[in-house]
Amino acid sequence: MNLLFKNKKISGILTVLPSKEVLFEDEIENYNFSAAKSMKLKMAMGYNKHRIVDEDTSVSDLCVYGLRHLLDHNLLKKEDIDALILVTQSPDYFMPATSSVIHGELELGRDVFCMDINQGCAGYIVGLIQSFMLLEQEQINKVVLLNADILSRKVSKRDRNSNPLIGDAATITIVEKSETPNTIYGTIKMDGSSSDALMIPAGGFKMPANAETSVMHEDAAGNFRSLENLVMKGDEVFNFVQTEVPPMIEELLSYARQNKDDIDWYMFHQPNRFMLNKLADKLGVPHAKMPSNIVENFGNASGATIPTNISYNIGKELENKQFRFCLSGFGVGLTWGALLMDIGNVDFNEIIYY
Amino acid sequence: MEKIYEELAELLEVDNINDDDVLKEFEAWDSLTILSIIALASENYNKTLLAKDINGAENVGNLIALITA
Numbered sequence: 079m080n081l082l083f084k085n086k087k088i089s090g091i092l093t094v095l096p097s098k099e100v101l102f103e104d105e106i107e108n109y110n111f112s113a114a115k116s117m118k119l120k121m122a123m124g125y126n127k128h129r130i131v132d133e134d135t136s137v138s139d140l141c142v143y144g145l146r147h148l149l150d151h152n153l154l155k156k157e158d159i160d161a162l163i164l165v166t167q168s169p170d171y172f173m174p175a176t177s178s179v180i181h182g183e184l185e186l187g188r189d190v191f192c193m194d195i196n197q198g199c200a201g202y203i204v205g206l207i208q209s210f211m212l213l214e215q216e217q218i219n220k221v222v223l224l225n226a227d228i229l230s231r232k233v234s235k236r237d238r239n240s241n242p243l244i245g246d247a248a249t250i251t252i253v254e255k256s257e258t259p260n261t262i263y264g265t266i267k268m269d270g271s272s273s274d275a276l277m278i279p280a281g282g283f284k285m286p287a288n289a290e291t292s293v294m295h296e297d298a299a300g301n302f303r304s305l306e307n308l309v310m311k312g313d314e315v316f317n318f319v320q321t322e323v324p325p326m327i328e329e330l331l332s333y334a335r336q337n338k339d340d341i342d343w344y345m346f347h348q349p350n351r352f353m354l355n356k357l358a359d360k361l362g363v364p365h366a367k368m369p370s371n372i373v374e375n376f377g378n379a380s381g382a383t384i385p386t387n388i389s390y391n392i393g394k395e396l397e398n399k400q401f402r403f404c405l406s407g408f409g410v411g412l413t414w415g416a417l418l419m420d421i422g423n424v425d426f427n428e429i430i431y432y
Numbered sequence: 850m851e852k853i854y855e856e857l858a859e860l861l862e863v864d865n866i867n868d869d870d871v872l873k874e875f876e877a878w879d880s881l882t883i884l885s886i887i888a889l890a891s892e893n894y895n896k897t898l899l900a901k902d903i904n905g906a907e908n909v910g911n912l913i914a915l916i917t918a
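Taken in order, these protein sequences are the chains called A and B.
When we follow my numbering, the leftmost residue of the first sequence carries the number 79, and every step to the right adds one.
When we follow my numbering, the leftmost residue of the second sequence carries the number 850, and every step to the right adds one.
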């Protein structure tokens, strides 16, 4: 579905990363594969190190830490927050919504609209679309969009298919009304018939966690995981991304009447370097315009990877310059979407550590 | 037709390959090689393959038939 938004902007991005860093080599013994084969995979996929939370850190902890940083440094005022959206697939509880927990921790006002969205890899796109829709309301001038996941706690340490690429992170994006006519073009697509391509099978109401769902099993490739762990059909996800993402980007550019060369940065979700380079080649976009270095430095933190990508690769430059971005997220759902928009002269764009 | 033998030999890390070579017997046969074959089939032959199709091919000849079908 094509979407169009006007007079909205991103005015700040903060990325919160766990301070605990784990090297690929440190986990290599957990895998049921030869070290040589694992090292080959490391080179191709761009695995090096990833950042993960401790066992007792939750999504609300990361988000509250980041929000307090913004409040303490006068980068955000409590009374200016009209809505708080949290996009996550690792909520603190089934109920209440984690955005309510965060609202309580920060003692926000009663007129702040809070909502959780269950989205992963495409979560930044979905979160921004939802933020833009809220900003159509006269009363809503500033939305705090949180993208946070701590899926390292749901991935089997003996799963070489997923463990080395997963990282944890929270990002805070301030979205607000803009005086200048900033036109934003968007698209979002879904295919629920492949909802099992990326999933955590047990632990919800359909298959509650019990003694059996926690038993570790070996899959055909030699990875060990239980039904309570994240499972990814890597080949199906690869095919989905290569088949669906390039035509979606082409379609969006044509809808917006923009050329590929007009775009300064292609900030895409970060599954791994291999997939991103194949995607850039298929789209005919120079690798330098599509950074693929988030997994090797921090790991893939689902919906948080696009803002992390912007914070890490552009950093302070975004505080006094403006660029034309193509943002795209794709994965769990399956869901895939993209936005074409100008971002620049933001109040802040930085990374802090929890 | 020659080209695909060269492309697959490179992915399998050998100098040359024959139709009756068994895939699982290559030293380099692993999940990364399978993913690279999926990528090659998609990029150069516009063919969507899954890991299970490739594993089911057993030898080089069957695999090439799958990719170029």
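Read the hints as simulated data drawn from the structure, not as lab findings.
Given the structure is predicted, the values throughout are model-derived calculations rather than measurements.
Check each hint, because a few of them may be wrong.
A few chain B residues that don't get close to chain A, going by computed Cβ distances all over 10 angstroms [claimed, not checked]:
| hint | residue |
| --- | --- |
| 1 | Asp864 |
| 2 | Asp870 |
| 3 | Ile883 |
| 4 | Asn908 |
Partial list, derived from the structure: chain B residues whose beta carbon lies under 10 angstroms from chain A [stated by the list, open to error]:
| hint | residue |
| --- | --- |
| 5 | Ile853 |
| 6 | Glu855 |
| 7 | Ser891 |
Cβ atoms here follow ideal geometry from the backbone N, Cα and C, with glycine treated the same way.
Now the hints, each set against the structure:
1. With a cut of 10 angstroms on Cβ distances, aspartate 864/B stays outside the contact zone with chain A, its closest approach being about 19 angstroms.
2. For aspartate 870/B, the shortest C-beta to C-beta distance to chain A comes to about 20 angstroms, beyond the 10 angstroms cut-off, and the non-interface label holds.
3. Its beta-carbon lying about 7 angstroms from the closest one in chain A, isoleucine 883/B breaks the requirement of being farther than 10 angstroms from that chain.
4. Against the 10 angstroms criterion, asparagine 908/B stays outside the reach of chain A, whose nearest CB is about 19 angstroms from its own CB.
5. Interface hint status for isoleucine 853/B: violated, as the beta-carbon distance to the closest one in chain A is roughly 18 angstroms, over 10 angstroms.
6. At about 19 angstroms, the closest approach between the beta carbon of glutamate 855/B and any beta carbon in chain A exceeds 10 angstroms, and the interface hint on this residue is violated.
7. Evaluation of the serine 891/B hint against chain A yields a held restraint, the C-beta minimum of about 5 angstroms falling below 10 angstroms.
Checked against the numbered hints given earlier, the structure breaks hints 3, 5 and 6 and satisfies all the rest.
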